[in-house]
Each structure stands twice: as structure tokens, then as C-alpha cells.
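Protein sequence lines, in the order shown, are assigned to chains A and B. If you use the working numbering, the first sequence corresponds to residues 4 to 402, in order. If you use the working numbering, the second sequence corresponds to residues 4 to 402, in order.
Worth flagging that the hints you see were computed from the coordinates, not collected in a lab. Do not take every clue at face value.
Note that identical chains are pooled: a pair holds if it fits in a single copy or bridges any two copies.
Claimed, not checked - In silico lysine to any residue, SDA-like type, Cα no more than 25 Å apart, as pairs: (1) Lys-170 to Val-294; (2) Lys-70 to Met-115; (3) Lys-170 to Tyr-152; (4) Lys-390 to Thr-78; (5) Lys-70 to Ala-126; (6) Lys-70 to Pro-277; (7) Lys-190 to Asp-358; (8) Lys-70 to Pro-124; (9) Lys-190 to Ala-102; (10) Lys-70 to Thr-130; (11) Lys-70 to Lys-327; (12) Lys-170 to Gly-227; (13) Lys-190 to Thr-130; (14) Lys-170 to Leu-370; (15) Lys-190 to Glu-262.
In this text, all values refer to a predicted model and were calculated from it rather than measured experimentally.
Protein chains: 2
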Amino acid sequence: MDPMDDQPRANDVTSPASDREAGFAVGADFRRFSQKDDIFCRSFWDPEVRSDRSDMFYETYRTPKMKWRSVDGFTQRDYALRNASWHVTDIFAELREDADRREGFLDPYTVMREGPGSELPVASPETMAREVKRSARVLGADLVGITGYDERWMYTHAYSRETETEKPQEIPRGLDNVVVIAQSMDKGLLRTAPSALSGAATGATYSRDTIVLLAIAQYITNLGYRAVASMNDSALVIPLAIKAGLGEYGRHGLLITREFGPRVRIGKVFTDMPLAHDRPVRFGVREVCDVCRACTDGCPAKAIAGGEPSTLMHNRSNIQGIRKWTTDAEKCFRFWANQNTDCSICVRVCPYNRDFSEWWSRAWRWLAGTRLRRLALWLDRVGGRGKRLRPSLWWDAAG
Amino acid sequence: MDPMDDQPRANDVTSPASDREAGFAVGADFRRFSQKDDIFCRSFWDPEVRSDRSDMFYETYRTPKMKWRSVDGFTQRDYALRNASWHVTDIFAELREDADRREGFLDPYTVMREGPGSELPVASPETMAREVKRSARVLGADLVGITGYDERWMYTHAYSRETETEKPQEIPRGLDNVVVIAQSMDKGLLRTAPSALSGAATGATYSRDTIVLLAIAQYITNLGYRAVASMNDSALVIPLAIKAGLGEYGRHGLLITREFGPRVRIGKVFTDMPLAHDRPVRFGVREVCDVCRACTDGCPAKAIAGGEPSTLMHNRSNIQGIRKWTTDAEKCFRFWANQNTDCSICVRVCPYNRDFSEWWSRAWRWLAGTRLRRLALWLDRVGGRGKRLRPSLWWDAAG
Numbered sequence: 004m005d006p007m008d009d010q011p012r013a014n015d016v017t018s019p020a021s022d023r024e025a026g027f028a029v030g031a032d033f034r035r036f037s038q039k040d041d042i043f044c045r046s047f048w049d050p051e052v053r054s055d056r057s058d059m060f061y062e063t064y065r066t067p068k069m070k071w072r073s074v075d076g077f078t079q080r081d082y083a084l085r086n087a088s089w090h091v092t093d094i095f096a097e098l099r100e101d102a103d104r105r106e107g108f109l110d111p112y113t114v115m116r117e118g119p120g121s122e123l124p125v126a127s128p129e130t131m132a133r134e135v136k137r138s139a140r141v142l143g144a145d146l147v148g149i150t151g152y153d154e155r156w157m158y159t160h161a162y163s164r165e166t167e168t169e170k171p172q173e174i175p176r177g178l179d180n181v182v183v184i185a186q187s188m189d190k191g192l193l194r195t196a197p198s199a200l201s202g203a204a205t206g207a208t209y210s211r212d213t214i215v216l217l218a219i220a221q222y223i224t225n226l227g228y229r230a231v232a233s234m235n236d237s238a239l240v241i242p243l244a245i246k247a248g249l250g251e252y253g254r255h256g257l258l259i260t261r262e263f264g265p266r267v268r269i270g271k272v273f274t275d276m277p278l279a280h281d282r283p284v285r286f287g288v289r290e291v292c293d294v295c296r297a298c299t300d301g302c303p304a305k306a307i308a309g310g311e312p313s314t315l316m317h318n319r320s321n322i323q324g325i326r327k328w329t330t331d332a333e334k335c336f337r338f339w340a341n342q343n344t345d346c347s348i349c350v351r352v353c354p355y356n357r358d359f360s361e362w363w364s365r366a367w368r369w370l371a372g373t374r375l376r377r378l379a380l381w382l383d384r385v386g387g388r389g390k391r392l393r394p395s396l397w398w399d400a401a402g
Numbered sequence: 004m005d006p007m008d009d010q011p012r013a014n015d016v017t018s019p020a021s022d023r024e025a026g027f028a029v030g031a032d033f034r035r036f037s038q039k040d041d042i043f044c045r046s047f048w049d050p051e052v053r054s055d056r057s058d059m060f061y062e063t064y065r066t067p068k069m070k071w072r073s074v075d076g077f078t079q080r081d082y083a084l085r086n087a088s089w090h091v092t093d094i095f096a097e098l099r100e101d102a103d104r105r106e107g108f109l110d111p112y113t114v115m116r117e118g119p120g121s122e123l124p125v126a127s128p129e130t131m132a133r134e135v136k137r138s139a140r141v142l143g144a145d146l147v148g149i150t151g152y153d154e155r156w157m158y159t160h161a162y163s164r165e166t167e168t169e170k171p172q173e174i175p176r177g178l179d180n181v182v183v184i185a186q187s188m189d190k191g192l193l194r195t196a197p198s199a200l201s202g203a204a205t206g207a208t209y210s211r212d213t214i215v216l217l218a219i220a221q222y223i224t225n226l227g228y229r230a231v232a233s234m235n236d237s238a239l240v241i242p243l244a245i246k247a248g249l250g251e252y253g254r255h256g257l258l259i260t261r262e263f264g265p266r267v268r269i270g271k272v273f274t275d276m277p278l279a280h281d282r283p284v285r286f287g288v289r290e291v292c293d294v295c296r297a298c299t300d301g302c303p304a305k306a307i308a309g310g311e312p313s314t315l316m317h318n319r320s321n322i323q324g325i326r327k328w329t330t331d332a333e334k335c336f337r338f339w340a341n342q343n344t345d346c347s348i349c350v351r352v353c354p355y356n357r358d359f360s361e362w363w364s365r366a367w368r369w370l371a372g373t374r375l376r377r378l379a380l381w382l383d384r385v386g387g388r389g390k391r392l393r394p395s396l397w398w399d400a401a402g
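Next up, chain A with everything else stripped away, as it sits in the complex (with noise of 0.2 Å):
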């Protein structure tokens, strides 16, 4: 008997239960978000966000001609670096924007091959689960975890380019299981941000993100069972991945994973196939981060907050009724435009922006998960990782 079973399954993903397990503290003003709100969306059709400087910064990802700047990290070298890993996210991205789709960001993306037209006969809930676990795996995933449809993270609208305006959800209902992903980032190029070089990393990552999410889309499909791939688009994703038990929220705002800390992108797969759902994962995050400021410190911008969690809303591309550590989507974006490219600052300076198969730093993160967090943090400081390594030094490099 699995000694788990008399203990309440966290079945109903929306209970207080189940919020207070993933430490999620809703109130009763929580409101759902719009896409349309995303900082994202917002550079292009609020006069408050969009500037010649973001309107510039969207040109450096698409016109590889120019020498946008001299600055070390920002030379022709590390853009077209940059822009050919978000090649092929690129590709699918535009596949269909003639139809007004950005899929993988404002849409999910097409089903393409239909499925069987009947369902494979699933044993249990726990078996499938166990096999869509190791097939997203060697399809390429980095971490997988399950969880349920909860209709509190999904946008109330999608965004659309073309008319500047909100346009319909399009996840269908009934899809009430979520596969959600998570894919490493490399350490190597995230030591050298900000940096266009650095964004390197954010681009290779969304496309392995992007073709692994199409291929467990697909095994699903083939199985017999609806299933819609989605990435940015269609929901927030940081609540369905701690919920699906693949890391801790940080002060940064960004997911802590236990494999590769912050240090990750999460994609998701909706679908209908039964399938048994993951716990929350505890490892000490909320506490280190209750004591850490160093991404608060190391932002430039000043965008991450340096006190208690909060239902603070610095403006409307922050989510209402949720108290958390908030960040201010406004400042840091316009860091990103006025450096033309993404910043990862706050990913490079965390502590848990290690490589655990070292023996070391999983020593460290378990040290972290102690009262001793402080003197883990201290050592980090005086250890002196987190410092910003020279691009040209990440180019010339051997091998």
C-alpha cells in the first residue's frame, strides 16, 4: 500500500486545501488576468510601455544588419547568436500569423496530425501519468510534473496583434488535466547577463521548449485523447508548475526548481487523458528568499521588491488578489528595451542558480533548507558566485 494514500489527495486543485499546500494565499479580490496586460502585450498597444527604445529593441530580433551597439556582450557576434537560437521558435511563431496566431505566445499552438478517433484504454490514472512522465522525458523534457486545469490561472482573453485587442480564449473545456514542462537553461551564457549573448540562452531554451511540447502533444494525440500544446500563451504558468510540483515561487517571481533553480523555462500541455497529479515540493525557497535580496540588490532596474509578500499592485500587468513578492513588469521591460535584449539578472545573482550535479552545491541546497540558511547565503556571498563573467571571455573560451 502506498503510504500516501490515507493522507487527502490534493484532487481538487482550486480547494483552499490545495492552495495552502502549493502556499498560495488568493483573496476573496482575486481577479482573473487578461493577456492583454501582459508587459509583453502592452509594448504594442499601451503609449505607456511602447517607446522607440522597445520598438528598437523587438528590430534587434529580427534585423540581423545593423550594429545596434559596441559594448562588449553586443556586438554582431552575440546577436546573430542570440536571434538564431529563437530561429526556430521563431518559425513556429509565424507559421500561421497570417491568421492573426503567434503560437507559443499569444495562441497554443495548431494540433497538426489528428489522433486515432478512439481512445487507448487507460489502466489507471497513476499508470498513465507514469507514461506520459517518461515519454515527455526522452521526447526531450527536462523536468515534467501533472496537475489540474485550474481556471484561476487561465487569461480571460488571448491577445491579438493584429487589432491590438483582446480576442477569445481558445483552450477548449473538458481538458482537465495539465502537463506541465520545465527546460534548463545554460549556465554558461547566463553568467555573461545582461548581455545579448545571454539571451542566447532564453532563445535555444523556448525552442527545445517548443519542439518537445508539439511531440507530447502529439504522443497524446495519438493515444486517442485531446491535447493542446501552449507555452506563454493561454495561461500563467508559474501556478500550474508549482502545483504540478516542480519547484518553490522566489522573490524574483520566477520558479525555483530543486534541478536547475531558476534557471528554467515551463511550457505546458492541456489534455483530457486521465492522469494522476503531483504534490507541491517544499525545499526551503520560501524561507532563503524571506532572508535573500540579491536579485532585489543585483536589479538594475529596481523592478523586485525587497519586503514582505504583498498584494501590492505596481500597475495592471500585475495579477490582483494574490498575496506574493510582486515585481514591476513596467521597470524591468524597460531595461530590456533600453538595453536592447532580455535581462537575466535576477536568474544569474540567485543562489540556487547552481549546477547541482555538483556534490557541492546540492550540499549547499541542502544547507539552505535548514536554520543555517543564513550561514548558506553568506557562503554564497563570500564564495563569490553570481558575479558577472566578461562576454568575450565566454567567447573565447576553448572548445
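Fit chain B to the given chain A structure using the hints.
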């Protein structure tokens, strides 16, 4: 000073000295190969190869609905996973089907985004080679080597599915360098070969191959040079991989790498960027294959010769005028067609099919490179490595 500097450089990859270094025995009667004679092309136009079974073989890749067989490893979940693993590769292969193109298999990938129109000045071919390799690796390449363009390995013609005849080879002239990559295949899946399940290792690796090749070509394009990404189309890739230093040629006709043994898929990017070339590597494969018959004995189709390297041509799918170990592609493919999936038994049983992150595998590789290679092979046999795992056990394995 580099101690290699006073040795003869293999800059002319077509020279007899370069061939000798790579272990190539190319005769005066050598003739270039036309892709039309490739066994997969023949399975469409050549009644000697095409059959109801081969048509059915291809059908299993496209149609998820039918129960193809009820044998373990060939059930719906196995085909569901195999076909999902091919999904992204298929999307790219079919993207320009209207133009009679099957990119990655019969035609090189179309360049989708143009470069800046002027070339980044190159410090030296050595520097550029280092930067391209470093970039390729963060874009997802497992192994990268560089060699020169060699007309001998280019297909005389490409093959048109639409007309079932030859069509012109389209790699433009002047792309004098070739970046060759190898992607590792999942070892666990291959333990179940032959099975539809183990075919997922093939598809998943092609999918990774595809996105990495596209990204590398785009990186070079973004620097202002010409670059064409190519997978199984346009040229024989094994001779290119050997000259690029990725591994040695094995008795089964596959590349054997130091890092993953024969467990790789290979792709290439043709470019005019000035790049220093790598040199072939030797680590004892030739001598091991001389005395080993694991693949010959393991092949149920008896497609792998047990004798000395020869110039024997089993049929028109062999290349003329090279003394080498030569497999019988007709027998090999007939076995694939009969079992409704690809076969990787020769990969599974190859003594180099090991996980070289384990110290004992590295020790074994070292031993196999010495005069004690027969002892190494004996240890391999008594150790039981290479036995088939029942596919249902793969599914049952935890996590």
C-alpha cells in the same frame, strides 16, 4: 607554437594524404552516388524494393489509428511515442511539400531569414571555427567538427518524390566548408530494439538535429556568410563526419564516436565562412571491428558482412569504388518493412554502445584501443551488455 604546425595540414580534404589519414580507400573506379539509389528512394520507385509491406511501413508513421501488431513493443503506445518523436522533423519535412521538397531528407533546408548583406570580418579561420563550435554547442549540438567540401560525397542528383526521378543537386558552389554535428540517441530506448518503441530514439534525435542545424545555419547567416543546413539530403555524411574528426567507421557501416559510440544521428551545414578544419581521430575502432562480429551476428537480416573490407557491391544502393565494410541495404530495409519500424539492433549490440560518462566504460574504451582488444570484447560479452530489454519493461520502469 602549436606542435602540429610543422606537420602536413589536411587542408585539401580530397588529397590522397587526407584520405589515408581518414582511413579511406578510394579506388580509380570510384563513382559518385545518386540519391535515387538510396534504399529509401528505391522503396518508392524501384519495384525490386517497393512492396505492400514497405507501403505499410510508411503508413504506420502517418496513421495513428490502426493496431499494427499486438506484439510487445509494437502496440499503440509504442507507435504513439515513436510517431510523436518524429513530429517536429515531419513538420519541417512537409513544410514545402507543395514545391516537391522534402527538406532534411531529400532537399536541404530553405534559408528563411536573410543575412545582413555584409560579412563580419574574420580574425582567423581558427578563431571562427572555435566560435562556431561554441555556438553550435549552446544551440544544442552534442558533437561538432569541421571539414572541407568534398565533391565526391555529394549526391550527383537529388531525388524527386513527385516525379520519382532524379532532380538537380542544389547545394550552391563556393560553400567550401562543412560543419558536421552529431546528436546522441537515447540509450534506454535503444535497449528495446527492435521495436516501434526504440524507433522513438531515431525520431527524437532527428527532431533535435533539425532545430540545431537550422539554428547553426542561421547563426552563420546572421554573420553575413552563406550557410545551408542539410540532414540526410544532398551528401553522404559519414565520410564528412570522419574527416571532421567525429569518429571512426564501423563494420556496421555506421559512424562510431568516442563520446556515444554508434548511438548518433549526423547532420551538416555547408558554408562559405572561412573555418579551420579538424583532423580525423583514431581510437582503435578499425582494429576492434576487424576482430568483432557483434553486429554481423546480431543482424537477423544477415545484412552485415563478416569478412574483410572489400569493394563488393551487393546492389545499386552501394557506392562504387571504395574498399570498406559494406552492408546490404536491401536486406536491411526488408527487415524494417517486415516489422513496421526501423531497426537498431546493430547499434544495440555494438560494444561501443556504452554510456561513456561511466568510468568503467571509459576504461573499456581505453582497453579496446590496446592490443588487449580481444580481452575487451570478451569482457563485453560476458558482461551481458547489449541484451534486448523487453519494451513493456521500459514502460514499467519507475519515473
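Okay, the hints, checked on the actual structure:
Proximity of Lys-170 to Val-294 under the C-alpha cut-off of 25 Å is found in neither arrangement, the shortest distances being 42 Å within a copy and 67 Å between copies. In the homo-oligomer, the alpha carbons of Lys-70 and Met-115 lie at most 25 Å apart only across protomers (21 Å), although the nearest pairing inside one protomer, at 39 Å, exceeds that limit. For a Cα distance limit of 25 Å, the shortest separation of Lys-170 from Tyr-152 inside one copy, 21 Å, qualifies, whereas the shortest one across copies, 51 Å, does not. Within a single copy, Lys-390 and Thr-78 get their C-alpha atoms as close as 21 Å, which meets the 25 Å cut-off; across copies the closest is 52 Å, which misses it.
For a Cα distance limit of 25 Å, the shortest separation of Lys-70 from Ala-126 across copies, 18 Å, qualifies, whereas the shortest one inside one copy, 58 Å, does not. Taking the shortest alpha-carbon separations for Lys-70 and Pro-277, only the inter-copy value of 21 Å comes in at or below 25 Å, while the best intra-copy value is 52 Å. Taking the closest pair of Cα atoms, Lys-190 and Asp-358 come within 25 Å of each other both inside a single copy (8 Å) and across two copies (23 Å). For a Cα distance limit of 25 Å, the shortest separation of Lys-70 from Pro-124 across copies, 13 Å, qualifies, whereas the shortest one inside one copy, 58 Å, does not.
Taking identical chains as interchangeable, the C-alpha atoms of Lys-190 and Ala-102 are never at most 25 Å apart, the minima being 37 Å within one chain and 41 Å between chains. With identical chains, the CA atoms of Lys-70 and Thr-130 are at most 25 Å apart between copies only, with a shortest distance of 21 Å across copies and 54 Å within one. Proximity of Lys-70 and Lys-327 under a CA criterion of 25 Å is satisfied in neither setting, with 41 Å inside one chain copy and 50 Å between copies. Taking CA atoms no more than 25 Å apart as the test, Lys-170 paired with Gly-227 passes in neither setting, with 29 Å inside one copy and 39 Å between copies.
For the homomeric pair Lys-190 and Thr-130, the shortest alpha-carbon distance between copies (23 Å) is at most 25 Å, but the shortest distance inside one copy (34 Å) is not. Neither within a single protomer nor between protomers do Lys-170 and Leu-370 lie at most 25 Å apart by alpha-carbon distance, with minima of 48 Å and 65 Å respectively. In this homomeric assembly, Lys-190 and Glu-262 come within 25 Å of each other (Cα to Cα) both inside a single copy, at 13 Å, and across copies, at 22 Å.
Checked against the numbered hints given earlier, the structure breaks hints 1, 9, 11, 12 and 14 and satisfies all the rest.
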